[in-house]
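A.B. asks: Quick note, the sequences are listed as chains W and D, same order.
For the record, in the first sequence the residue sitting at position 19 is 19 according to full-length UniProt numbering, with numbers rising by one throughout.
For the record, in the second sequence the residue sitting at position 88 is 88 according to full-length UniProt numbering, with numbers rising by one throughout.
Keep in mind that the hints are not guaranteed to be accurate.
Copies of one chain are not kept apart here, so a pair can be met inside one copy or by any two copies together.
[Said to hold, decoys possible] Calculated pairs, SDA-like style, for lysine to any residue (alpha carbon to alpha carbon, straight line, at most 20 Å): (1) K35 x Y91; (2) K35 x Q58; (3) K13 x R49; (4) K55 x F88; (5) K13 x P44; (6) K13 x K35; (7) K35 x V23; (8) K35 x E116; (9) K136 x S47.
Read the hints as simulated data drawn from the structure, not as lab findings.
Keep in mind that this is a model prediction, so the values were computed, not measured.
Number of protein chains: 2
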Amino acid sequence: MSIDNCRIIDLPKIADQRGNLSVIEGGNQIPFDIKRVYYLYDVPGGSARAGHGHKELQQLIVAMSGSFDVIVDDGNGRKKFQLNRSYFGLYIPKGMWREVENFSSGGVCLVLASTEYDPLDYFHDYDEFKKFVNVKNNSLQQ
Amino acid sequence: MSIDNCRIIDLPKIADQRGNLSVIEGGNQIPFDIKRVYYLYDVPGGSARAGHGHKELQQLIVAMSGSFDVIVDDGNGRKKFQLNRSYFGLYIPKGMWREVENFSSGGVCLVLASTEYDPLDYFHDYDEFKKFVNVKNNSLQQ
């Protein structure tokens with residue numbers, strides 16, 4: 001997987017004067033079943049989260065309120081997405097490093113995840129992540 | 001099912017000075033798999049949504065930002081829950097009527113749902129919903 005596989009998904013938006021509604025079904029708007037949902041809230045402005053990588057986990061990230069930036073990194077290149085609309089979701093395939101930063105005050109970040117929590121799926125060290133993706137890419141080329 | 005089966009679930013909260021994180025896994029914090037996620041946003045203060053009932057759908061409702069009230073009704077009684085914390089979720093079992101009202105400006109309402117969208121599972125008319133639950137309750141008593 002490369003950062004070019006990270007993409008903004010335009011989610012269905014049902015506009016209404018009482019408030020708008022957007023919907024995400026597993027296997028429909030996103031290419032995975034939703035096993036886990038988590039969200040960041042009570043975030044101070046300018047805040048950033050520690051970066052981390054995943055082996056298998058796929059995610060969809062949505063700015064439910066306010067805005068923040070997501071940096072994706074496939075071990076060979078980086079790309080930054082600014083999220084600030086509730087009807088746009090950033091799809092991140094497996095094998096990616098991600099950093100979330102530049103939160104607006106009170107920003108809310110919703111994450112839909114393709115697997116249950118598995119500490120063995122995480123990289124907290126960037127060099128280890130890079131080693132993993134390069135070994136994987138080399139084995140695919142042979 | 002009665003309104004007494006509607007309950008507030010205290011979701012895991014990982015407190016952090018960079019922002020708090022809460023997590024919900026299907027079959028873990030909630031008694032169903034997450035088939036669909038939808039959310040209401042860009043909501044004007046004081047707004048209310050049209051009430052509706054469900055035959056089979058189970059839901060968890062979370063105030064991701066701001067506050068709102070949820071009224072649940074089993075055809076025989078009503079109960080009001082005020083949601084205003086991101087780490088509390090209101091679980092609504094199947095066979096309930098619900099109304100969402102009294103939104104704070106910019107409130108964000110997240111809903112995790114146990115089924116994909118099925119228009120045949122909805123009641124938009126309260127009297128029809130009441131007839132359905134009473135017929136069901138009577139058949140269970142026989």
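A.B. asks: Which numbered hints does this structure break?
C.D. replies: Hints 4, 9 not satisfied by this model.
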